[in-house]
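A.B. asks: Now for the letters of each chain:
There are 2 protein chains.
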Amino acid sequence: MTYCVGVRNRAGLVFLADSRTNAGLDQISTFRKLHVFEVPGERVLVLLTAGNLAISQSVASSLRVMMHNPDEKNLSNVPNLFSAAKLVGDTVRKVHARDAESLQAFGIEFNVNLILGGQIKGEPPRLFNVYSAGNFIEATEETPFFQIGESKYGKPILDRIVGDELTLDEVAKCCLISMDSTIKSNLSVGLPLDLLCYETNSLRVSKHQRIDQWDPYFAGIRERWGRHLRTVFDELPDPGYWSAQQP
Amino acid sequence: MTYCVGVRNRAGLVFLADSRTNAGLDQISTFRKLHVFEVPGERVLVLLTAGNLAISQSVASSLRVMMHNPDEKNLSNVPNLFSAAKLVGDTVRKVHARDAESLQAFGIEFNVNLILGGQIKGEPPRLFNVYSAGNFIEATEETPFFQIGESKYGKPILDRIVGDELTLDEVAKCCLISMDSTIKSNLSVGLPLDLLCYETNSLRVSKHQRIDQWDPYFAGIRERWGRHLRTVFDELPDPGYWSAQQP
Numbered sequence: 000m001t002y003c004v005g006v007r008n009r010a011g012l013v014f015l016a017d018s019r020t021n022a023g024l025d026q027i028s029t030f031r032k033l034h035v036f037e038v039p040g041e042r043v044l045v046l047l048t049a050g051n052l053a054i055s056q057s058v059a060s061s062l063r064v065m066m067h068n069p070d071e072k073n074l075s076n077v078p079n080l081f082s083a084a085k086l087v088g089d090t091v092r093k094v095h096a097r098d099a100e101s102l103q104a105f106g107i108e109f110n111v112n113l114i115l116g117g118q119i120k121g122e123p124p125r126l127f128n129v130y131s132a133g134n135f136i137e138a139t140e141e142t143p144f145f146q147i148g149e150s151k152y153g154k155p156i157l158d159r160i161v162g163d164e165l166t167l168d169e170v171a172k173c174c175l176i177s178m179d180s181t182i183k184s185n186l187s188v189g190l191p192l193d194l195l196c197y198e199t200n201s202l203r204v205s206k207h208q209r210i211d212q213w214d215p216y217f218a219g220i221r222e223r224w225g226r227h228l229r230t231v232f233d234e235l236p237d238p239g240y241w242s243a244q245q246p
Numbered sequence: 000m001t002y003c004v005g006v007r008n009r010a011g012l013v014f015l016a017d018s019r020t021n022a023g024l025d026q027i028s029t030f031r032k033l034h035v036f037e038v039p040g041e042r043v044l045v046l047l048t049a050g051n052l053a054i055s056q057s058v059a060s061s062l063r064v065m066m067h068n069p070d071e072k073n074l075s076n077v078p079n080l081f082s083a084a085k086l087v088g089d090t091v092r093k094v095h096a097r098d099a100e101s102l103q104a105f106g107i108e109f110n111v112n113l114i115l116g117g118q119i120k121g122e123p124p125r126l127f128n129v130y131s132a133g134n135f136i137e138a139t140e141e142t143p144f145f146q147i148g149e150s151k152y153g154k155p156i157l158d159r160i161v162g163d164e165l166t167l168d169e170v171a172k173c174c175l176i177s178m179d180s181t182i183k184s185n186l187s188v189g190l191p192l193d194l195l196c197y198e199t200n201s202l203r204v205s206k207h208q209r210i211d212q213w214d215p216y217f218a219g220i221r222e223r224w225g226r227h228l229r230t231v232f233d234e235l236p237d238p239g240y241w242s243a244q245q246p
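Line by line, the protein sequences are chains C and W. Under numbering that gives the first Met the number 0, read the first sequence as residues 0 to 246, first letter to last. Under numbering that gives the first Met the number 0, read the second sequence as residues 0 to 246, first letter to last.
Note that these hints are calculated values from the structure, not bench results. Treat the hints with care, as some may be off.
A pair counts as met if it fits within one copy or between any two copies, since identical chains are not told apart.
Each computed DMTMM-like pair below joins lysine to aspartate or glutamate, with the alpha-carbon atoms no more than 25 Å apart [what the hints assert, rightly or not]:
{"#": "1", "residue 1": "Lys-183", "residue 2": "Glu-164"}
{"#": "2", "residue 1": "Lys-183", "residue 2": "Glu-137"}
{"#": "3", "residue 1": "Lys-183", "residue 2": "Glu-140"}
{"#": "4", "residue 1": "Lys-183", "residue 2": "Asp-158"}
{"#": "5", "residue 1": "Lys-85", "residue 2": "Glu-37"}
{"#": "6", "residue 1": "Lys-206", "residue 2": "Asp-233"}
{"#": "7", "residue 1": "Lys-93", "residue 2": "Glu-108"}
{"#": "8", "residue 1": "Lys-120", "residue 2": "Glu-37"}
Isolated chain C (complex conformation):
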């Protein structure tokens, strides 16, 4: 399993991915699920991947290989993020054309789910969710984030906090809390994490952090969030439904 989240707001974009992959509980590995495609000063594109690892690696590698050929349409020359999302979708379809039938013969579903975000000079930062079928949707002000993989445990905190008024650091903090809730509840999501914060119009990657189990900030967030949540819980009144009925 996997948990990745991408958020877009006025300040920029935040991407967070775990790195655990598993084929059964007895085969657990660490793989990077956050891929950066950068032309400093001109464009930054970030791809988060979930689903079948062979498929998502194929997609990421194909996109990387295409960049070596400047005559071919690729992530370093597409004119805008919409074209980039189409290119990622097309790449998923190519992998599907090559692998889907063989996978089916082994009863394996063609399953991949991607978040693509970034900025290309001349347009604002944009964020997309690309599906297994190669189709995609774009984040809007009303729906400023996408999650892929094990998304449910970490959704309530995003629903309550994420908004246009947050700084990038605050969005990153919210994503890390969301990740912590997911790690607590699902063994197949695990450290280390990849965190990337992209500031609107910076057009380069300056804030990219690997977070492992010894990271003091993440350890502090985990401990303090749990403790403070408990304080808030204790401060809320108990239900009084039955106290009136008692003498």
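With chain C held as given, fit chain W onto it using these hints.
C.D. replies: Below, chain W alone, put in the same frame as chain C:
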């Protein structure tokens, strides 16, 4: 969809169920999913149901009908909760024997998930989770709660708070917060709610509350929990990963 949770701790048992059922988004109804079987002074049994409504109603109705025949094994005469769980499992299997094949002809999976809890005089309160196959597991000190239906959104708060030291009212408060997070994230879980708190050794139902959208306590919890969560969030430090790199 459905969200139900049952918790067992030293103080007793807490059961909370939503009441929304849907067959597609355009066919939404309200059905009770919390069923009480009581012999005051002798036993209290509570059944929470999730899954296909026709199946879960069949199971609950069959269990109710059996109680009219004192010569038959039923929930008012089984000697202990383990036997009660076996009886519920057997009832699921009877419904399966009658309905599963017909459902399959329409491509409908035989899907039901039940929480059974309560106390029978002579043993402590116990809590079980009964599956579609009629098999079941029992809650322990290490795993003091079961959730059925849409369980993920509301699990982190239970993981962090529920424990043996809580009062019944505190457990109820925690379940209501868990329900609020679920309702916020999944349209198919909805009010009104059924809340039942059972005190160890009381052997009767004295705390059973229907909670609708006008309920001032639940509305207060929803509003205050969100607001206080935001305060805790604001109080946590922002990540400082990049501040050292800046002048």
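A.B. asks: Which constraints among the numbered hints does this structure fail? Numbers only, ascending.
C.D. replies: none
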